[in-house]
Amino acid sequence: MRALAYHGKHDVRVDTVDDPEIVNPRDAIIKVTSTAICGSDLHLYDGVIPAVLEGDILGHEFMGEVVETGPKSTLEKGQRVVVPFTISCGQCFHCQIQQYSCCDNSNPAEKQDMSATLYGHSMAGLFGYSHLTGGYSGGQAEYVRVPYSDIGPIAVPDHLDDDQVLFLSDILPTGWMAAENADIGPDDTIAVWGCGPVGLFAVQSALAMGAAEVIAIDHYPHRLELARKLGAKTINFRESNVREALMEMSGGIGVDAVIDAVGMESHGFAIDNMLDIAKQTIGVGADRASVLKQAILAVRRGGRVSIPGVYGGMTDKFPLGALMEKGLQVRGGQTHVQKYTKDLLAKIEDGTLDTTFLISHRLPLEDAAKGYKNFKEQQDVWTKVVLKPGMETQA
Amino acid sequence: MSKGHQRIAKSSSRAGLTALIMAAAGGAFLASRKSARDTTDDAPGSAARRGFRGNDLVGKSVTIGRPRQELFDYWIDFENLCSFMENVISVRKAGDQGGAVWTIMAPGGRTVDVKTEMVAERPGELIGWRSTPDSEIRTEGRVTFEDAPGERGTRVSLTMTYDPPGGDLGKAVAKLFLREPEIQARHDLKRFKMLMETGEVTTSARRKSETRAAKHQQHQQTEPA
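Read top to bottom, the protein sequences are chains B and R.
Sequence positions in the first sequence follow our numbering and run 1 to 395.
Sequence positions in the second sequence follow our numbering and run 1001 to 1225.
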């Protein structure tokens, strides 16, 4: 099959590789019809996530048709399904309490040591990411082996097309969980840093949850425009002092909750705080957490801090005093996708949520490398790239 | 904390554990070790800062969301152990007294057999085994099953010792099998947990040929005549 493989920093290529097979009883094989490039794929592209190896097949937002099933899979051939980016067994302690992205069993035993060293506990398995998260072949491919297929994939009705439901795989539930983690009440003002896909979906979700006001922060005019269209007020951080603006816009109180939908590469990644211990043990760089620091200062006393943005390592000069003295609550985490897919699918069906506005470009899988390059370098215009295996390549 | 748990936690300091293994497994080569820790510490010996964590004695625990008896029943059938133990190609029963022959991968396409006898068996609680005197590799192992707090299932603790023998074969096996026994014990327990909770051992292999089972098979096929 054809699949997008990592070859090094800013070097991804569509290669011909062996097709996947059913390996375990609960597996299914999905023939991919649509797959997106995620903002977190750019962290891989930029080489800031450890344990990504040459030849790894990337991609964790995908959907398609079930073409093969193992004897214990509950899927049926021909079904159209969206696949969560988190791999979850459904039976461990964490899955039982719906902490799907904390699954105890989905990261192979021999792959768990590195994240256990780095984080104190191993991570769950994720598609198409690092070997920290299992080293699973990802969805930017013609076919994918989906383990624990009885737990993850959600069947979607034929009257909804791919573009309407694809984002159930990651960014829509991620934006939703980001808003949920902000614990939004009806009189609340919420600030969202980053108007990428997750930030925009967090804006949409926060409004759907009844926030009185949502303020979105970015510097790309087109992305800010998209946030305004969803109903948010906006701040361009290149033109305004964000903290002063937020204080004024919230009547001197400070915003009730903050959502950091930017993560580790705020203002472009810079290895300015290499920590020796991390370097020695794992080779991971320091996270540049300027957005998170700003958000912690901007949120009101007793407010909430939600972190959907990806961080992987450690950070320096963290405003710990503000966190403690202001009595803040912090929540983060990879998304418990399986917890949200059913409800969010219903909201897509009844028209409460529309995610298609985000898609700026549809490309054949063969042009995936071009998609990565432009998604990275022209963020204002390339807001979301969907790859379609089998789509005609345009000259 | 239940009485049983307290007893095991307390006795898990190094001297206590050694005594337990000896009592359970009748071990001889562990006898020379002396306690390096204050025995009032409730932390298990495997967490000791010094004196315990040699390459030759490892202990790891995992909590599995299944009933104690079910886990015990799976483990006591030694032929099942190769389904989750690294480098163990097969385990065959030998006799009806709990004896077993373990076929273990060795470098260069070789395999080595380890003969063990059952030295302790308390249904639903404990299984202990030890290599027989004529075995080329000396090893002892003990696995215990305790009820975890609340509805969490069963706490499974695995303790193993290896005593690398002299000679070329011993060195070769030590290189592969005994290199990182602590990591191996941890991985083995994690795989046991996966198998018991989900019915399969998790793998990120895209194809069957990349799995552990396939590697075991390949290893056997390349075995010199």
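Some hints here could point you the wrong way.
[As the list claims (entries may be wrong)] Straight-line distance between alpha carbons at most 25 Å, and here's what the computed DMTMM-like set of lysine to aspartate or glutamate pairs gives: (1) R:Lys-1215 <-> B:Asp-354; (2) R:Lys-1208 <-> B:Asp-354; (3) B:Lys-388 <-> B:Asp-354; (4) B:Lys-347 <-> B:Glu-225; (5) R:Lys-1215 <-> B:Glu-21; (6) B:Lys-229 <-> B:Asp-158; (7) B:Lys-233 <-> B:Glu-65; (8) R:Lys-1208 <-> B:Asp-183; (9) B:Lys-72 <-> R:Asp-1042; (10) R:Lys-1215 <-> B:Asp-18; (11) R:Lys-1215 <-> B:Asp-113.
[Stated by the list, open to error] Here chain B is said to cover these stretches of chain R; the calculated rule only asks that three of the stretch's residues, wherever they fall, bring their Cβ under 8 Å from a Cβ of chain B: (12) 1117-1127; (13) 1186-1196.
[Claimed, not checked] For each label pair, taking beta carbons as the anchor points, the in silico distance ranges come out as: (14) B:Asp-18 <-> R:Pro-1107: 22 to 30 Å; (15) B:Ala-116 <-> R:Ala-1043: 51 to 59 Å; (16) R:Gly-1150 <-> B:Lys-370: 27 to 35 Å; (17) B:Gly-327 <-> R:Ala-1214: 50 to 58 Å; (18) R:Asp-1113 <-> B:Gly-8: 27 to 35 Å; (19) B:Asp-183 <-> R:Ala-1214: 28 to 36 Å; (20) R:Ala-1043 <-> B:Met-249: 30 to 38 Å; (21) B:Glu-76 <-> R:Arg-1066: 22 to 30 Å; (22) R:Pro-1107 <-> B:Gly-47: 33 to 41 Å.
I should point out that these hints are in silico values taken from the structure, not numbers from a laboratory.
In this text, all values refer to a predicted model and were calculated from it rather than measured experimentally.
Glycine included, C-beta positions come from ideal geometry on N, C-alpha and C.
Against the structure, the hints:
no. : hint                                 : verdict
1   : R:Lys-1215 <-> B:Asp-354             : violated, 48 Å
2   : R:Lys-1208 <-> B:Asp-354             : violated, 40 Å
3   : B:Lys-388 <-> B:Asp-354              : holds, 20 Å
4   : B:Lys-347 <-> B:Glu-225              : holds, 24 Å
5   : R:Lys-1215 <-> B:Glu-21              : holds, 16 Å
6   : B:Lys-229 <-> B:Asp-158              : violated, 28 Å
7   : B:Lys-233 <-> B:Glu-65               : violated, 40 Å
8   : R:Lys-1208 <-> B:Asp-183             : violated, 45 Å
9   : B:Lys-72 <-> R:Asp-1042              : violated, 43 Å
10  : R:Lys-1215 <-> B:Asp-18              : holds, 18 Å
11  : R:Lys-1215 <-> B:Asp-113             : holds, 21 Å
12  : 1117-1127                            : violated (count 0)
13  : 1186-1196                            : holds (count 7)
14  : B:Asp-18 <-> R:Pro-1107: 22 to 30 Å  : holds, 28 Å
15  : B:Ala-116 <-> R:Ala-1043: 51 to 59 Å : violated, 19 Å
16  : R:Gly-1150 <-> B:Lys-370: 27 to 35 Å : violated, 54 Å
17  : B:Gly-327 <-> R:Ala-1214: 50 to 58 Å : holds, 55 Å
18  : R:Asp-1113 <-> B:Gly-8: 27 to 35 Å   : violated, 45 Å
19  : B:Asp-183 <-> R:Ala-1214: 28 to 36 Å : violated, 48 Å
20  : R:Ala-1043 <-> B:Met-249: 30 to 38 Å : violated, 52 Å
21  : B:Glu-76 <-> R:Arg-1066: 22 to 30 Å  : holds, 29 Å
22  : R:Pro-1107 <-> B:Gly-47: 33 to 41 Å  : holds, 35 Å
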